[in-house]
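**Student:** Here the protein sequences come in this chain order: A and B. Going by our numbering, the first residue of the first sequence is number 1, and it counts up by one from there. Going by our numbering, the first residue of the second sequence is number 1, and it counts up by one from there.
Source of the hints: derived by calculation from the structure; they are not laboratory data. Built from N, CA and C at the ideal position, the CB exists for glycine as well. There's no promise every hint is true.
Lysine to aspartate or glutamate pairs mimicking EDC-like chemistry, simulated, CA-CA at most 20 Å apart [what the hints assert, rightly or not]:
id : chain 1 : residue 1 : chain 2 : residue 2
1  : B       : Lys305    : A       : Asp220
2  : B       : Lys325    : A       : Glu201
3  : B       : Lys88     : B       : Asp100
4  : B       : Lys306    : A       : Asp127
5  : B       : Lys318    : A       : Glu223
6  : B       : Lys332    : A       : Asp207
7  : A       : Lys273    : A       : Glu257
8  : B       : Lys554    : B       : Asp519
9  : B       : Lys305    : A       : Asp222
10 : B       : Lys332    : A       : Glu208
11 : B       : Lys305    : A       : Glu44
12 : B       : Lys261    : B       : Glu242
13 : B       : Lys305    : A       : Glu208
14 : B       : Lys325    : A       : Glu128
15 : B       : Lys318    : A       : Glu56
16 : B       : Lys305    : A       : Asp35
17 : B       : Lys305    : A       : Glu128
18 : B       : Lys548    : B       : Asp526
19 : B       : Lys306    : A       : Glu44
20 : B       : Lys306    : A       : Asp35
21 : A       : Lys67     : A       : Glu56
22 : B       : Lys332    : A       : Glu128
23 : B       : Lys305    : A       : Glu223
Anything over 12 Å on all C-beta distances counts as not near chain A; from chain B, calculated [said to hold, decoys possible]:
id : residue
24 : Pro136
25 : Leu144
26 : Ala203
27 : Val213
28 : Leu293
29 : Thr298
30 : Ser327
31 : Gly486
32 : Ile518
33 : Ser604
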Amino acid sequence: MLSETKSRLSADKAGSAGKKDWDILVVDDEQVVIDAVVKICSSENFTVDSAIDAKEALQKFAKNNYKLIVCDIMMPGIDGFGFLDELHKRKISSQVIMTTGYSTVENAVKSLYAGAIDFIPKPFTSDELINSVVRGMKYLEIQNLLRTYNREGSEIIYVPCPSKYFRLGYSSWVAEENSGSVLIGATDLFIKTIESISDLELFKVDDETIQGNSCAFIKDKDERMHPLLSPVSGRIIEVNEELKKNKSLIEKDPYFEGWFYRLIPSDSEYELKNLINCSSDRL
Amino acid sequence: MFKRIGFKLILVVGVTAVIIIAIFSFYNVRSHSNALLAEVERHANQLGETVKHSTRYDMLLNQRDRVHTIINTIGEQPGIQNVRVLNKVGEIIYSSHEKDIGKMVDKKAESCYACHTANEPLERLQIKERTRIFKPYSDSARVLGIITPIYNEPSCWEADCHAHEQSQTVLGVLDVTISLSDVDEQIRQGEIDTVIFAFSAVAVFSLLLWFVVKKWVDRPVKDLLNATHEVGTGNLNYSIKEKSDDEFGLLAKSFNNMTQKLSEARIQLFQSDKMASLGRLAAGVAHEINNPLTGVLTYSSFLLKKTQDNPDVNEDLKVIVRETKRSREIVKSLLDFARQSIPKKNQVNINEVIEKAITVVENQLTINHVQLKKNFGVDLPQVTLDSNQMQQVFINLLVNASDAIEKKEGLINISTSLIKLSPYGITHIKKATCPKRHDLMDNEIKIDGMPSIKLKVSSNPADVPGGKAGGTAEYTGFINLDPVYGRNHHVIPSSLEKLDINSKDLKVVCPVCEISLIDSAKKCPDCSAPVYSLEVPSQGNIEGCLSKNCDWQKWDAIDAGGQKDYLEIKISDTGCGIPRENLSKIFEPFYSTKGQKGTGLGLSVIWGIIDNHNGTIKVDSELNKGTTFTIHLPAG
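Make a model of the complete structure from these sequences and hints.
**Tutor:** Dropping the structure here:
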């Protein structure tokens, strides 16, 4: 996925001359949702453009560049997934945040698997939207850093997920243990999109997690709440107590010491199919 | 009508009967008339011989007057038409009809024909050959004539008159003719009698056949036809009266069985169809309602942030944001309900959840002049539950209570307490076996979503005095017991409803090995009906009453585990109450008494939520007095 993003970014650069640059493009068939997103994002000083369906959105790329796209899944004509495919075909490098009123687990997981960077179920609050957009912007920043990254001297931008791990989008990872339980946690890239963790809200032992639904909330220095989407469904049997005492563990060692929960997955075999195998990240 | 099976049957059997009776009658009439004719023949022959012998002496003496007198006297007898004597050349020499005397008879005439067929007088003839039946005139009655040849004897040619020579063999012929009018009348009468008999036999036979066919074939077929028609038009509750125990009776029985199975399957199908359409509805609603909710939530949360320096507006906006968020959770749980997903549980105090629910409906209660009395238990333990779902439960119940009160001033009492409950009516029987360890759980018939316990029940009238020996059991079927200990939601097919559980021949057996499951040493302490006993692997035996109206059950292993803590939440109102016949239906999806106002989803969703929390909800109601909902939730 990383190499793919790189190629998208380079293609974007080549053909971007003379085009207007926008921060965000909202694609939704509901005018009230468009208006709300435009208003909220504008108030945070983002430039926002909108399209009423996927076709119009694709046409807009002839004249404009967008950093982020906030896109509905259920739309007449081309739906959100078709739109993602189209973007990929046209080598458009904009990153997509999916939203949908039909917020099933399947939709969330499928959109993340298809290449969206985030998923916000409707209805969402202004904060939920802004937080996702802020993370998206940070994500783009990191991707830009990667392009200029030279292997000598520079400090490591982020640590990719270890092989044999599986990840949901770029946000959470799951690692199978020998005993049949699994460990889950947040990826370094996700942590890096959240600047300086100030607080952590965790579930309790015996709570159930559902794949694609939030299983923890990470608060940043600006008091923004960032939900961590659970990579698998299951019952929590252990919460990392060390993490509660020392929040910096997530930043220092997100893949080992910084795990969140140990849980008994309810249907890992089926759910693993919806996750990205981290072994492929290193190619 | 001509296509009906009864008609065809009657036609075939009737035609066969007609043919048989016709043939029989024909031969009967023929043999009857033959016997009569033979008798007349014999009689005529005898008469001829008599005449011959009685005139013989007078002939020898050649006393013609005396011969005349004898012949005349005999000829006058009733029935005897004519007596004549012909000589060798065919001249009539004596006759009871005087005017015929001296006439010549042609050799080809009736009386001569037999002997002179070959123009040669035959000397010895059989009685048959000497007899002839003819009609003198075309309109007269039949006549039987018999000729008796008069042979030459020594006394004839030695007589004084010397009328005959020794060389002659036959001297003449005595011809007696007898009228057959009486005999013919008898034969005709016999024919008529036979025909009458034949017709009446056919008629009686057909009538009997018609009646039998009507009673044993036509009517059951018609009943079956009616029943299939009824079932075809969708009335699956239609059953045929099982009147006979022949094949039609068995057919009716199996037909009733089939419709019952069909009806059960349809109910299940209907139920799952309802759930499926509910799922689609929920999904559709979720999508449609989430877009407008996005508008409300984004704008209100945006405003909330912008108005932090205006406390008045800010407080109100908080309520909007909070309630919109709750709507979001409700929509989500609607989807979850459709998908039967697990609740999002956390540790909460039930009183706080109820308080939150009350704040939402408080306004409506005030408008309706409904007083709310809270009677909350103190020091209640924290319980693990989905507070959003549970809040929805209480809001629903409170709104229902308020609606039940309508606009008359009323009272809602809401109380919480910690109680200890025996596992009775709560514990789920997950496995039950017969003494031979055959699994009795039935996954096909589920009661409240749980596999039921299947028992085979029969009542065999062969053991009853007056019952048919070796006959099939009158009532055989399966009952499915409620798998919740102490609860009586048993499924008893309608064919077993009439079963007398107290009868001595009642059998309750394992469907696999037919081992008896009745504990004959025990009787139900509540109603003294027979008691069944099942094994629960590693948890001892469970006993229960067989009467469908009694819910006595005993399970020592579980009872010994002692009572467990439960939170009891009671919400009672002084409203209009629920009619008894509707009490069982109120937790079904789409059951609503609110007409256009309600969706009928409320109580079924509540039931689902409580069930997901391993709790129970029950309702008690008295018309015009009020309704009480009691919820039990496991504490700790």
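**Student:** Determine for every hint whether it applies to the structure shown.
**Tutor:** Verification of the hints:
no.: 1; hint: Lys305/B / Asp220/A; in the structure: 17 Å, holds
no.: 2; hint: Lys325/B / Glu201/A; in the structure: 19 Å, holds
no.: 3; hint: Lys88/B / Asp100/B; in the structure: 16 Å, holds
no.: 4; hint: Lys306/B / Asp127/A; in the structure: 12 Å, holds
no.: 5; hint: Lys318/B / Glu223/A; in the structure: 18 Å, holds
no.: 6; hint: Lys332/B / Asp207/A; in the structure: 18 Å, holds
no.: 7; hint: Lys273/A / Glu257/A; in the structure: 26 Å, violated
no.: 8; hint: Lys554/B / Asp519/B; in the structure: 13 Å, holds
no.: 9; hint: Lys305/B / Asp222/A; in the structure: 14 Å, holds
no.: 10; hint: Lys332/B / Glu208/A; in the structure: 16 Å, holds
no.: 11; hint: Lys305/B / Glu44/A; in the structure: 12 Å, holds
no.: 12; hint: Lys261/B / Glu242/B; in the structure: 17 Å, holds
no.: 13; hint: Lys305/B / Glu208/A; in the structure: 32 Å, violated
no.: 14; hint: Lys325/B / Glu128/A; in the structure: 12 Å, holds
no.: 15; hint: Lys318/B / Glu56/A; in the structure: 37 Å, violated
no.: 16; hint: Lys305/B / Asp35/A; in the structure: 17 Å, holds
no.: 17; hint: Lys305/B / Glu128/A; in the structure: 13 Å, holds
no.: 18; hint: Lys548/B / Asp526/B; in the structure: 13 Å, holds
no.: 19; hint: Lys306/B / Glu44/A; in the structure: 12 Å, holds
no.: 20; hint: Lys306/B / Asp35/A; in the structure: 17 Å, holds
no.: 21; hint: Lys67/A / Glu56/A; in the structure: 17 Å, holds
no.: 22; hint: Lys332/B / Glu128/A; in the structure: 17 Å, holds
no.: 23; hint: Lys305/B / Glu223/A; in the structure: 13 Å, holds
no.: 24; hint: Pro136; in the structure: 117 Å, holds
no.: 25; hint: Leu144; in the structure: 112 Å, holds
no.: 26; hint: Ala203; in the structure: 80 Å, holds
no.: 27; hint: Val213; in the structure: 65 Å, holds
no.: 28; hint: Leu293; in the structure: 4 Å, violated
no.: 29; hint: Thr298; in the structure: 4 Å, violated
no.: 30; hint: Ser327; in the structure: 8 Å, violated
no.: 31; hint: Gly486; in the structure: 28 Å, holds
no.: 32; hint: Ile518; in the structure: 43 Å, holds
no.: 33; hint: Ser604; in the structure: 22 Å, holds
Violation of the numbered hints given earlier is confined to hints 7, 13, 15, 28, 29 and 30; the remaining hints are satisfied by the structure.
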